[in-house]
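Novice: Given the structure of chain A, go ahead and fit chain B onto it with the hints provided.
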Amino acid sequence: MANVWVVLQHREGQFPRISYEAIAAAQKLAAQTGGKAEAVLLGEGVGLAAAEVAKFDLATVHVADDPALRVYTPGAYIGALAPAIQAAAPAFVVFPHTYQTVDYMARLAQGIGAGLLPEVTGFEAGGDGLVWARPVMGGKLQAQVRVKGEGTVLVSVQSGAFPADGAVRLGETGETPVQPLSVDLSGVKPDREVLGYEEVGGDTVDLTKAEIIVAVGRGVGGADKMAPVEALAKALGAEIGASRPVIDNGWLPRDRQIGSSGQTVAPKLYVAAGISGAIQHLVGMKGSSVIVAINKDPGAPIFTVADYGIVGDLHEVLPALTEAVRAAKG
Amino acid sequence: MKIAVCIKQVPNTEARLRVSRDGRWVDEEDLPFVINESDEYALEEGLRIAEKTGGEVVVFSLGPERVKEALRKALAVGAARAVHLSDPAFAGGDALATGRALAAALARDSFDLVLTGSQSDDVGYGGTGSVIAGHLGWPHVWLVMGVELEEGNASAKVTREMESGVNEVSRVRLPAVLEVQAGINHPRYASLKGIMAAKKKEIATASPADLGLDASQIGAAGSRLEIVSVSFPESGKGAQMLEGDAKAAAAKLVEKLQKEARVL
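The listed protein sequences derive, respectively, from chains A and B.
The opening residue of the first sequence carries number 1 in this note's numbering; numbering runs sequentially from there.
The opening residue of the second sequence carries number 1 in this note's numbering; numbering runs sequentially from there.
The set of hints was computed from the structure by calculation and includes no laboratory data.
Straight line, CA to CA, 25 Å or less: simulated SDA-like cross-link-like pairs of lysine to any residue: (1) A/Lys329 <-> A/Ala231; (2) B/Lys256 <-> A/Val311; (3) B/Lys252 <-> A/Ala266; (4) A/Lys268 <-> B/Val263.
None of the values given here were measured: they were computed from a predicted structure.
For reference, chain A alone in the conformation it holds in the complex (with noise of 0.2 Å):
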């Protein structure tokens, strides 16, 4: 049977929880196309990184070692993924769902005639093969997908979907064979010169040594409108933050945002108020000890990771809570 291919991101030879995910899920995957998981690596010196992916119960990890891999560009990277895939042919390859990968995966599947799934959460085995499952509009409604046709299919897997400690390893002297996958990327025209990286705003306000954070989002419906944000804030002793929405807006400076392009945070409480939940939010604030959604629409997906919902305006809700709070602690 076909394998699974498993394409792992890494930051200079660090990989991110998410690569671990994809492991896992491209081990699950394998199980269920009765193949095997295969890894690969891209990068330039990554010896030591492929030497821990090799602890994973894995067929082969690939590592395409190449100067032109040193730093990511789209070019490269299909560069030396395309023909590779079309020469072994499997089934899947599972990329994480990360801003790099959706910066290339679908080029990759356009340049190979691969089908494209971006962003699963999960799947099942059907009557007749796979049905997927991903978000759609906005993370409100899941969708159940099916995948058509012949040939091998591109899938990214969203951050969490597959717990990284379901990646199973080999036992203690167990080692996956490392193998050198040839690339010529001689010819391959740099599509992108990258000049630099930059840090966003600068992070002067630090939200992750925070202890309770009340955070807004869309809903709170302009810059003129935080008083009551910032009256619970005060009165439950928190820093407040923001979804992204409400940065493009300009209600409040960017180092207040929470979510993939923004802070990580986990903190005791968070209290998230007119924040619909999209997953560039929740990724960024889901492993916080307990979480309050106050909402108006019952269906926003914030209520899908919070420990209390509370559905209402939160122009009504805010007030009667900073009141409550301060009645609490006398």
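Specialist: Here is chain B on its own, set in the frame of chain A:
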């Protein structure tokens, strides 16, 4: 510069959604539709670049008849003309099928730059712009947060958002496809004059035959993905919903936070 902007019309994600009778999508009756959020930012970025360089914006959209309303709105804020990929055969496409159709439409003209939003708020595949770039053989950048033209508009310095508050800055040769992230600018509103002017602007339609495409290459027939059903996630799974008016719910919540969760 001659700039193309691809926009999608999507249901307003703030709207109350119902699953359609066949269970495969949302019920579109009475559903308010808007221009996809990141596409609005792409349109604004296109208009700004066109104004700076003395060019024009042509706006493209694929979808049913209602899409004309989104195109008319784009014309009202300043696009010069519009192209509507209008045919039932275009419907139900995944990113590969929709990207193929849009690329064929774009290739009939000659553009210096193509802008799209980074991701649709309905199906959210996030790949259509990259697929367009692949067909055109142009560079692309996804999740663009800044565009500065350089070298007499032969290249652009492009800022791409990465995870955890870091941006990548790179130089890209033009023509290219840039997939814009929401927040890159502040989209303008249509003026009354703009709305009046839009009524006289052209919305051309393009059929699969016009684009030299076979029905098997586009829409649902040309897609590898098929949505078999949609459902609401279990709302409040694990969450205790506190009922009553604001005051009663707030009082219950504080009591829970003190006595049950012990975080106050």
